[in-house]
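This is what each chain is made of:
There are 2 protein chains.
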Amino acid sequence: MARTIVFDVNETLLDLTALDPLFERAFGRSGVRREWFAQLLQSAFVSIITDSYADFGTIGRAALHMVAQRNGIELEAADRDAILGTMRELPPHPEVPAALERLRDAGLRLAALTNSTDDVATAQLTNAGLTPLFERILSADSAHRLKPAQEAYETAAAQLGGDVGDIRLVAAHAWDIAGALRAGAAAAFVARPGMVLDPLAPAPDIVGSNLEEVATRIIEVELP
Amino acid sequence: MARTIVFDVNETLLDLTALDPLFERAFGRSGVRREWFAQLLQSAFVSIITDSYADFGTIGRAALHMVAQRNGIELEAADRDAILGTMRELPPHPEVPAALERLRDAGLRLAALTNSTDDVATAQLTNAGLTPLFERILSADSAHRLKPAQEAYETAAAQLGGDVGDIRLVAAHAWDIAGALRAGAAAAFVARPGMVLDPLAPAPDIVGSNLEEVATRIIEVELP
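Keeping their order, the protein sequence lines are chains A and B. Once you know that position 39 of the first sequence is 76 in this note's numbering, the rest is easy, because the numbers rise by one and skip nothing. Once you know that position 37 of the second sequence is 74 in this note's numbering, the rest is easy, because the numbers rise by one and skip nothing.
No lab work stands behind these hints, which were simulated from the structure alone. Don't take each hint at face value.
Claimed, not checked - Stretch by stretch, here's where chain A covers chain B in the computed footprint (C-beta under 8 Å, at least three residues):
| no. | stretch |
| --- | --- |
| 1 | 76-87 |
| 2 | 91-98 |
| 3 | 101-114 |
| 4 | 180-188 |
| 5 | 202-215 |
| 6 | 222-236 |
Note that CB positions come from ideal geometry on N, CA and C, so glycine has one too.
Please model the complete structure; the sequences and the hints are all you need to start from.
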């Protein structure tokens, strides 16, 4: 039976560059959005390693505070709220809606799995117009272990009624691909600009430069 | 009894900016050294989370490959070797030798604890002229769990003949401070330019803007 296709959300489906003007207004220079998201990930990984759970939204807010302090800026509450609010209203990358429709119309089960909380994930995918395409919207928050911890993938697979070997994670991040493969899932990497795989991690059997290419390969591999 | 003072090495004692000209030559622009070290840390954290140990040197080499690929560059072997070789020859930050001497002369036991392998750590501290100041040079490699995993701090404390509560970690990285405190050690943060603490983690009782300030406070707290 074909695996259930499970999509990471931020950067994989949704375009974080929509935040750039807000970061430019708040920090006076571009590039800080990447610095923030990198800090958010680093802080999330430290919370996993040190077994000190916090939800992704709380970590994101703290990471914003760290980046402001690092840049010597007192971040206005209005700027902070605009950034965190706009995280709920990111547009999909252009090819995403049609690629997801193709996969669904081919008969595959589709789900989302994000480190964002359920609340944020549902708002994000609803605002992006993608909710009807997913059977389930899942958050690693329900496992209280964020991706790339194996419990995040195992809990998601269980919520979908199967084992971790029954899912294929689709993501634009090397760390998410490494976590999924090491947990026993299949994976597919979306090599968006600037995204590269980790040569020390197992390699996914599907790689494409956008979701359209990845969808074509998923249909070939999962529905031969 | 006073705690043993355990120092992180890269960025805390040694100055990574010595690598900048090499990155500028290899990549044609500045800033890539920070991108590389951030990727090195991210890959190391993923290896801890997914329980797939690799030593820090191996991860550093893979991270260099990732950063080259991300920047669309074929990294010459000579440039790669120059960067990795220079990691062994970093100068100390200017105030470091005198601050370490003060702590030692005050009667405190000093050790180094780094994610670098023993081999690299010994070369680094020898080339920086700091080896005679340390009772032991320790690597998280011997625990096969890198910092900030608690096993790294626990193993180091055991190698020094005590418990994790008997050591105080000194570091310029929020993630190292968070790991040490959550493992049960004391900590001291060196707030070098651009370095900030994580507001979600416990706060260390000692913070200073360089090692001289931190050393003064350590002597006050540990040898009252």
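Status of each hint after checking the structure:
no.: 1; hint: 76-87; result: holds (count 9)
no.: 2; hint: 91-98; result: holds (count 3)
no.: 3; hint: 101-114; result: holds (count 4)
no.: 4; hint: 180-188; result: holds (count 3)
no.: 5; hint: 202-215; result: holds (count 3)
no.: 6; hint: 222-236; result: holds (count 6)
Checked against the numbered hints above, the structure violates none of them.
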